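Enquirer: Chain by chain, the residues:
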Amino acid sequence: QDQMYIPLISKGFQHQFWQAVKAGADRAGAELGVTVSFEGPDNESQVDKQIDMLAAALAKHPAAIGFAALDSQAAIPLLRQAQEADIPVIAFDSGVDSDIPVATAATDNLAAAALAADKMAEMIGGAGPVAVVAHDQTSRTGVDRRDGFVNRMKEAHPDVEIVDIEYGGGDHLQSTEITKAILTAHPDIKGIFGTNEGSAIGVVNGVRESGVKGVTVIGYDSGKAQKDAIRDGLMAGAITQNPVGIGYETVKAAVAAAKGEPVEKTIDTGFFWYDKTNIDDPEIAAVLYD
Amino acid sequence: MSELVRLEGIDKHFPGVHALRAVGFDLRPGEVHALMGENGAGKSTLMKVLSGVYQPDGGRILIDGAEVSLPTPKAARDLGIGIIHQELALMRDLTAAQNIWIGREPRLSFGRIDEARLNAEAEAIFATMRLGIDPRAPVAGLSIALQQMVEIAKALSFRSRVLIMDEPTAALNDAEIAELFTIVRRLRAEGVGIIYISHKMDEIKRVADRVTVMRDGATVGTVEAADTPISRIISMMVGRELTEEKAAIPDLAAAPAALEVSHLSRGADLRDIGFTLRKGEILGFAGLMGAGRTELARAIFGAEPADTGEIRVHGRPVTIRTPRDAVRAGIGYLSEDRKQYGLALGLDVRANIAMASLPRYADRIGRIDEGALARVARDYIRTLGIRTPDDTREVRLLSGGNQQKVVIAKWLLRDCDILIFDEPTRGIDVGAKAEIYRLLNELAGLGKAIIVISSELPEVLRLAHRIAVMCEGRLTGILPGGASQEEIMELATEGMAA
Amino acid sequence: MSATGTAQSGTTTARAARRSGAQRKLLAFASLILLVAGFSIASPNFFQLSNIMAILQAASVNGVLAVGVTLIIITGGIDLSIGTLMTFCAVMTGVVLTWGGMPLPLGIAAALATGACCGLVSGTLVAKAKIPPFIATLGMMLILKGLSLIVTGTKPIYFNDTPSFTLIAQGSLIGAVVPAFPVPNGVLVLFVVAAAVAWILGRTVLGRYTFALGSNEEAARLSGVNTDGWKIAIYALAGGIVGIGGLLIASRLNSAQPALGLGYELEAIAAVVIGGTSLSGGRGTVLGTLIGALIMAVLTNGLRVMSVAPEWQTVVTGIIIIVAVYGDQLRRGAAR
Amino acid sequence: MSATGTAQSGTTTARAARRSGAQRKLLAFASLILLVAGFSIASPNFFQLSNIMAILQAASVNGVLAVGVTLIIITGGIDLSIGTLMTFCAVMTGVVLTWGGMPLPLGIAAALATGACCGLVSGTLVAKAKIPPFIATLGMMLILKGLSLIVTGTKPIYFNDTPSFTLIAQGSLIGAVVPAFPVPNGVLVLFVVAAAVAWILGRTVLGRYTFALGSNEEAARLSGVNTDGWKIAIYALAGGIVGIGGLLIASRLNSAQPALGLGYELEAIAAVVIGGTSLSGGRGTVLGTLIGALIMAVLTNGLRVMSVAPEWQTVVTGIIIIVAVYGDQLRRGAAR
Ligand SMILES: Nc1ncnc2c1ncn2[C@@H]1O[C@H](COP(=O)(O)OP(=O)(O)OP(=O)(O)O)[C@@H](O)[C@H]1O
Ligand SMILES: Nc1ncnc2c1ncn2[C@@H]1O[C@H](COP(=O)(O)OP(=O)(O)OP(=O)(O)O)[C@@H](O)[C@H]1O
Ligand SMILES: [Mg+2]
Ligand SMILES: [Mg+2]
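Chains as they are written, first to last, in my numbering: chain A, 1 to 290; chain D, 1001 to 1498; chain B, 2001 to 2336; chain E, 3001 to 3336.
Extracted from the complex, chain A is given alone in its bound form (with noise of 0.2 angstroms):
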């Protein structure tokens, strides 16, 4: 075998946050001349699915697997699996429970989520009922989000109400009826948060379709769409994570790992939040993504 192999093992492959991960891990790839694969699920429930992914990426003899895991420990027979191959396990996008992952690159959705609602609280100034459009209820993506939004709100802005939380699966047209929908059950809405980046367009299509005047929309993620809207004015602004750079690293680190060179146990890619004053500062518009 001429070029080392290392698949990664994602969550999704058709979103453009998970394009913008294997456009990183790809560009790793070529840099560090080895052979990346990117492949997940349609959605992040289909946790056996992943499964079966993980097997067949065991079964090629990799140098070393990145893993963005749906379930941790749902993996772990087959975690253990590589260890015992010697095949590194590099963790990206959220961490594994288990100490078999050589290094985690990741984002802290919980904490970006929480900046989402300080956020959130600053604009509304402080007080009103706000929505949440989550794009999953049971994923650890979904969850995360979810709960850094809701539990921020209740511990550090006690006057903002939280009175609807639905789900749309990340599907725009969805997200798009539940909002109108939202905003037909409470007309007084001040504030709704779409946690991914189907979720917030779908919201902001959907604040744009019922003609409501002055909701702040807040989003999740990056792509042209949301860009496009926070610089039209007609969302708030957003959080982003750092995909390229998850990518990026997690391929770095599994090729160090397969080489035996020391990982970092924990590469945080960061979050940052964008709105139309920064999102074309080079810092920023290195982070995002079409």
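The reader is advised that the hints may include incorrect statements.
[Claimed, not checked] So, partial list: chain D residues that the calculated Cβ filter (under 10 angstroms) puts toward chain E:
1) 1331
2) 1339
3) 1340
4) 1346
5) 1358
6) 1411
[Stated by the list, open to error] Quick list of simulated restraints, FRET-style, between CB atoms:
7) B:2226 <-> D:1110: 17 to 23 angstroms
8) E:3199 <-> D:1268: 22 to 28 angstroms
9) D:1396 <-> B:2167: 55 to 61 angstroms
10) A:270 <-> E:3038: 41 to 47 angstroms
11) B:2226 <-> E:3180: 55 to 61 angstroms
12) E:3177 <-> A:286: 36 to 42 angstroms
13) D:1124 <-> B:2199: 25 to 31 angstroms
14) E:3199 <-> D:1110: 57 to 63 angstroms
15) E:3038 <-> D:1062: 50 to 56 angstroms
16) A:286 <-> B:2308: 40 to 46 angstroms
17) A:262 <-> E:3170: 30 to 36 angstroms
Worth flagging that the hints you see were computed from the coordinates, not collected in a lab.
In this text the structure is predicted, and so the values were computed from the model without any measurement.
Note that the Cβ used here is the ideal one computed from N, Cα and C, for glycine as well.
Given the structure of chain A, go ahead and fit chains D, B and E with the ligands onto it with the hints provided.
Expert: What follows is chains D, B and E with the ligands alone, placed relative to chain A:
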């Protein structure tokens, strides 16, 4: 030559069945040519070859003396060959008129259908048949007989030069048959060549000019209808002489009652019906189409339970809400529409024969004794002369008459005390018919109580020990076995004039 | 004599059938009304013009898909590919308009043509290759899903260069004339499509053969109908209608989202069946489908407006779908 | 004379029929072999014991679901709820084992009982309330999806307190005896379930009535068969089998994942149809279903091992599903 159609050496194989063996046949303009033969002789198959449904494996088809090939039904149609299929081929969700004109709808611009013209023309055809069917009535709501009439109307609408009628009268009553023959004679006078298939021997003398007999996929011979006795045709069909005489009517006055029905009513279909059926008795039910005989049978059997009324079996009152109750009480019902109600066409002969008796061939954990089932199935195949390669053949592949025998076998195997046969010989050949008559008599002799519903008066007269007559949901009278046709018809139309 | 009797019973049957048909539709409509009334009582925010418009708007995409698949279901078939086909049509419009920079009409044509072509392929697989519709369209579902991702490189295509594109679903022609009644164009499109398909089913040869195929394909074939050809045509027509659905969703989202679409087929089929069309073919109405789609949209919106917990929304939706069809069943039983 | 003719032709037919049936199965098996061979040549990593075991393991859940739904499909019905029912069964096992702290056998019983009860409900809706199976089970699908989320509070239930639980799917009884052949128990379960259902279908009254219902329900009813009762029994049995699927997936994931399950029904139904069972009912085999499930698992795994891009995996899967069924269709045509 003045021949319209000539078939030479037609061969057709199905997997495991040599259905047609070098069959020859010819049809002249302006003649009615009857095609006769036992069930499974190959009549329908031959006609399907002639109408482009099946492709022959060998042989030639000549129309007006020129050899043709008929790759599709449409090709045959374009050459002027029309067919009424033995098995109803209607689209149940469409109306009568829509069925008649399917594929040839009168069109307006933009692919629109001229529905008014379509209905009017259908109505005109019905008028020539002296039928009052509403062209807008969905076919699913019509009785089998009316559906058959729609098929005939459809075939007539083609104005074909060759018209094939594959058992058109199987579901018709006498009045309708008479009406059909008027039409047939008119067409013959117009120079149409008609191929007529039927198992009703008397019809041969009434309409046919020539008769061709088939047996086991080959032609036995062609004879002039006028100067050939029926018995000769029958012996050509079955390969032997068929002798049968009416069994004597037994005196059953002292026999215990097997089935007592009283005050049975359901809506307008059945009104206050009561009768007694004795052990060993064959009770015939006569009446016009729609008289409610089938409804009565279905009510007794629990297929569509009655609203009120009492049923006693062997003197004990029974509650029958489902067919299962009836079967448990020892009642079996052979329906008039075997395809819809009698057979699981996709299953094999053995499974169908066993359908009503399965638990008897299973142990406590529900395991079936296939060996025993195979044995009894083969027994019935032999005793009823069911023409099938073996008992594991799908029933769908049998000829119509043989399918009917499979249903009969199902109820014989169940060994019910009371048997209701609704049109038991519909589509059955003479030989088998005689066989079934003999069987019914034998069953009665064994003490079974039997109801026979039939639209063929001669059949009722021949079989029944007593004859019950129905009209518009009422039982208008019960006549002794020796009654005349006139007496029956009088009861069958009683009160209809009013 | 017997003829007279027959005639009478014939006419009665037809009349009874027509009456019970009308009754059934009225009653299906009634359960829609019942739902609307229930939600209006439960929540004061429900019965407002803006929310009604939102419901209609929400019904538009699913409604158009459902109308399209109604055709196929009446033939006795099924189409599982409509969800991903919708997306693929949207993507092809994006390719033409945004990447190709072509004028709007060509983009619309692209969606319709893509839909019709894919329908043609499905239809051919079903009619000529004799592959069961379930499998043929399941395969197409997967193929089209992959193709959308491949063509777009898994990135959405935006229609920012064609500003008028969003008007297809979101503008309001009616609102421009009657400002008090700002029916979004998407809804208008749904009703126009429904009316057109109802007309095709009721008045044209294509419609007649649609029912004939579902009722007894063999009989139609034996009657000289080119059943294969017509079936392909019906699938192509349905595909074209799905293309309209693709335009609507793209216009609403101002983008072609390549990952969308899976699951939309079940929702559309559910609308069709709630609307009284039989999955075994041969019978069905566009009006019923329309009511079915509205029932689903009202249900979803109403439960959300009532702020029912999402997991309970799912449960209640399941129950109501069953109950609605059960009611329909009872009525049919009674009509019989 | 005629009797002899019949007898002779009879033997030929029977033999021919048996031969063509066996041939068909052999050929379906052949396309599986073909796939395996193709992938083995394309990638050296494919045909390895560990990967073959991974494929079998991956086929086990879908295979069990497919075997269960085969029963229902043979009756002419369909069950869209199997995916979410599987999850609900897993959840109930979690409730009994982890929350209730009860012993393993009770947990297993919980899964089976939950499956059977839900099957009973579906069956009753179909048989007694006369709701079309598509709708009844679509409703059940939604209800069960919601219930899983409600019961668990949307959080997975882990089986860490019952360490032996993972052995159900992941242990290897065979491997304990023949170490060279570490077939996971999940695969063993699949084959045992398949053999049992094949036996039920082929040899018992229940099996015979399953075919009879699919072939002509009314004829069976008019033969005195308690069609409603048997139908309910069949749905309940299928539900119980889905419960086994729930155990397997829970054991593999060492957890009951409440959001799982949607979409699994289509995959299982696809396996059934690829295996030659007709969606119109009346015919089908368990062996075919097994082969269908294996074909799907081999396909998915093989494409992954070959590192085909995921969007292309989807496209290729779609194409191969269509081609596999087309091949089957051709063979049948030839046999006819
Ligand atoms: N499609 C088919 N496949 C296999 N065998 C067939 C098929 N059609 C007919 N047969 C067989 O061919 C033979 C001739 O059948 P056909 O239907 O022509 O008989 P028939 O003379 O019309 O009988 P009937 O009077 O009962 O209608 C029978 O043995 C039948 O089982
Ligand atoms: N499938 C059906 N749908 C609607 N009406 C029917 C149907 N079958 C029969 N009927 C009607 O029910 C009434 C009773 O018919 P039934 O079949 O019991 O008559 P019958 O005396 O058995 O005569 P036959 O057997 O000659 O048709 C008739 O008016 C008939 O038109
Ligand atoms: Mg025949
Ligand atoms: Mg009758």
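Enquirer: Take the hints in turn and mark each one as holding or not.
Expert: Right, here's what the structure says about each hint:
1. Annotation: residue 1331 of chain D was flagged as interfacial toward chain E, and the flag holds, the nearest CB pair being 9 angstroms apart, inside 10 angstroms.
2. Annotation: interface hint on residue 1339 of chain D holds; nearest CB of chain E at approximately 8 angstroms, less than 10 angstroms.
3. Of the supplied interface hints, the one on residue 1340 of chain D holds, with its beta-carbon coming within about 7 angstroms of a beta-carbon of chain E, less than 10 angstroms.
4. Here the hint on residue 1346 of chain D is kept, as its CB sits about 4 angstroms from the closest CB of chain E, short of 10 angstroms.
5. Satisfaction of the interface hint for residue 1358 of chain D is found here, the shortest Cβ-Cβ separation to chain E being roughly 5 angstroms, below the 10 angstroms cut-off.
6. Given hint, residue 1411 of chain D at the interface with chain E, holds; its Cβ is 9 angstroms from that chain's nearest Cβ, closer than 10 angstroms.
7. Checking the proposed 17 to 23 angstroms range against residue 2226 of chain B and residue 1110 of chain D shows it holds: the Cβ atoms sit about 19 angstroms from each other.
8. Evaluation of the 22 to 28 angstroms hint for residue 3199 of chain E and residue 1268 of chain D yields a failure: the beta carbon distance comes to about 50 angstroms.
9. Between residue 1396 of chain D and residue 2167 of chain B, the C-beta spacing of about 57 angstroms keeps the proposed range 55 to 61 angstroms intact.
10. Between residue 270 of chain A and residue 3038 of chain E the Cβ separation comes to about 45 angstroms, which falls inside the hinted range of 41 to 47 angstroms.
11. Here the CB-CB span from residue 2226 of chain B to residue 3180 of chain E is close to 60 angstroms, well matched to the stated 55 to 61 angstroms.
12. Checked against the hint of 36 to 42 angstroms, the pair residue 3177 of chain E and residue 286 of chain A fails, with Cβ atoms roughly 59 angstroms apart.
13. Look at residue 1124 of chain D against residue 2199 of chain B: about 27 angstroms separates their beta carbons, and that is inside 25 to 31 angstroms.
14. At about 59 angstroms, the beta-carbon gap between residue 3199 of chain E and residue 1110 of chain D stays in the expected band of 57 to 63 angstroms.
15. At roughly 53 angstroms, the beta-carbon separation of residue 3038 of chain E and residue 1062 of chain D lies within the given 50 to 56 angstroms, and the hint holds.
16. Remark: the range hint 40 to 46 angstroms for residue 286 of chain A to residue 2308 of chain B is upheld by a beta-carbon distance near 43 angstroms.
17. For the pair residue 262 of chain A and residue 3170 of chain E, the beta carbons lie near 33 angstroms from each other, so the given range of 30 to 36 angstroms is met.
Of the numbered hints listed earlier, those contradicted by the structure are 8 and 12.
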